[in-house]
Amino acid sequence: MNHQMFEEWALSPETCSPEEREALQQHRQQCESCDRLARSWKRIESVLDTAPFARPAEGFAQRFQQNLAARKAAAHKRQARKFLLILGITFAVSILAGSVYFYSINPPQFLLTQVFRTAANLLVTVENIKIISSTFLGFTPGAIFLPILMVSASALGGFALLWFTAIWKFTLHGEKAQ
Amino acid sequence: MDTQIERWLDAAIQGNDEAYGHLVEYYQTGVFNLCYRMLNNRQEAEDAAQEVFWRAYNALHRYDRDRSFQTWLLSIASHFCIDQQRKRKLTLIDIDEPFEETFRDGNSPTPEKTMLLRENSTQIEAMLETLKPTDRAALMLRYWYEMSEKEIAESLSLSVSAVKSRLFRARKELALAFDDDSMESQRTERELYEPSNV
Numbered sequence: 001m002n003h004q005m006f007e008e009w010a011l012s013p014e015t016c017s018p019e020e021r022e023a024l025q026q027h028r029q030q031c032e033s034c035d036r037l038a039r040s041w042k043r044i045e046s047v048l049d050t051a052p053f054a055r056p057a058e059g060f061a062q063r064f065q066q067n068l069a070a071r072k073a074a075a076h077k078r079q080a081r082k083f084l085l086i087l088g089i090t091f092a093v094s095i096l097a098g099s100v101y102f103y104s105i106n107p108p109q110f111l112l113t114q115v116f117r118t119a120a121n122l123l124v125t126v127e128n129i130k131i132i133s134s135t136f137l138g139f140t141p142g143a144i145f146l147p148i149l150m151v152s153a154s155a156l157g158g159f160a161l162l163w164f165t166a167i168w169k170f171t172l173h174g175e176k177a178q
Numbered sequence: 001m002d003t004q005i006e007r008w009l010d011a012a013i014q015g016n017d018e019a020y021g022h023l024v025e026y027y028q029t030g031v032f033n034l035c036y037r038m039l040n041n042r043q044e045a046e047d048a049a050q051e052v053f054w055r056a057y058n059a060l061h062r063y064d065r066d067r068s069f070q071t072w073l074l075s076i077a078s079h080f081c082i083d084q085q086r087k088r089k090l091t092l093i094d095i096d097e098p099f100e101e102t103f104r105d106g107n108s109p110t111p112e113k114t115m116l117l118r119e120n121s122t123q124i125e126a127m128l129e130t131l132k133p134t135d136r137a138a139l140m141l142r143y144w145y146e147m148s149e150k151e152i153a154e155s156l157s158l159s160v161s162a163v164k165s166r167l168f169r170a171r172k173e174l175a176l177a178f179d180d181d182s183m184e185s186q187r188t189e190r191e192l193y194e195p196s197n198v
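Which chain is which? The protein sequence lines are A and B, in order. Per our numbering, residue 1 is the first one in the first sequence, and the count goes up by one each step. Per our numbering, residue 1 is the first one in the second sequence, and the count goes up by one each step.
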């Protein structure tokens, strides 16, 4: 006898047609195992149908908001770190590649001459800047010195702020993808 | 879907965290219940539910508006809990801890009925533990969330025929285990209360 079919009907009586239900009833009178299966499932189903919903402890949504803020901050930090790491690696690799190329196409004595020449040029430039500055400061009245200092400091501060904002905005893009 | 929920959903997709907070508040019981029934531990269920909402938050831009939001959330929860169960292979059942429950019809049953329900429910929870995680999830979605076989298939990334066979297998395993368990307890009761013939 095909018990599989009766078992299927016994375990999902809601899908049975009236004829199938009738056939199942008749079969259950003759087959003890199918009858026990049907009775057992009926009890389980009644428990499942009336089983309550478990509720989370009070303040679940607030805890989520706190977690969200913490996770977003962590994701932001991770992204910023990743960005700076990529920037650093790119810079280091560029310097390395440039150096390797430069050393490979020039003889050592030329490189040494270039190093000394560059250092000398640097010293001359610093000296020239010193002379120009002292001459300029000698001619300008004392009252104008402070505004010049303030404008220079503001310009430098503005550039720094722009740089940090750009990095901050850029790192925010990756935050959602974490 | 409720228009208020639609509005929160729209706002949340636009990046409004407060609107997403409202959605969390609205769906917390449904998600938590699934996690709790799957993991059988309140703390783990809390952590899992928090993780589910975080994953959903990150995937909001991929949410298909033709699907029910609850079904989508439960799908994330099911997959997460199935993975957790596979990892942890839980064997203990957290039955001593009292917890708040909401009866689906809104009426609280009598104390006797509650006692009986708790006993049966504990017995069935213990048996549910023996089911495979995916079979268990399918059964939960069918009975607690009244999902159709098609919805369960979508939620668990299975075919409808696979859901049918998993549901059949789960029901049969539970029925056989419940039958054995009932017989065993009846035998124990008889041995305890009936005088020995020796």
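A portion of the hints provided could be inaccurate.
[What the hints assert, rightly or not] Result set (EDC-like, lysine to aspartate or glutamate): computed pairs, CA atoms no more than 20 Å apart in a straight line:
#1 Lys-42(A) with Glu-51(B)
#2 Lys-87(B) with Asp-47(B)
#3 Lys-42(A) with Glu-20(A)
#4 Lys-172(B) with Glu-127(A)
#5 Lys-42(A) with Asp-64(B)
#6 Lys-164(B) with Glu-20(A)
#7 Lys-87(B) with Asp-64(B)
#8 Lys-164(B) with Glu-32(A)
#9 Lys-72(A) with Glu-51(B)
#10 Lys-172(B) with Glu-149(B)
#11 Lys-42(A) with Glu-22(A)
#12 Lys-150(B) with Glu-14(A)
#13 Lys-72(A) with Asp-64(B)
#14 Lys-72(A) with Glu-32(A)
#15 Lys-150(B) with Asp-64(B)
#16 Lys-150(B) with Glu-129(B)
#17 Lys-42(A) with Asp-17(B)
#18 Lys-169(A) with Asp-17(B)
If you are wondering where the hints come from, they were derived from the structure by calculation, not from laboratory data.
Hints breached by this structure: 1, 4, 5, 7, 8, 13, 14, 16, 17
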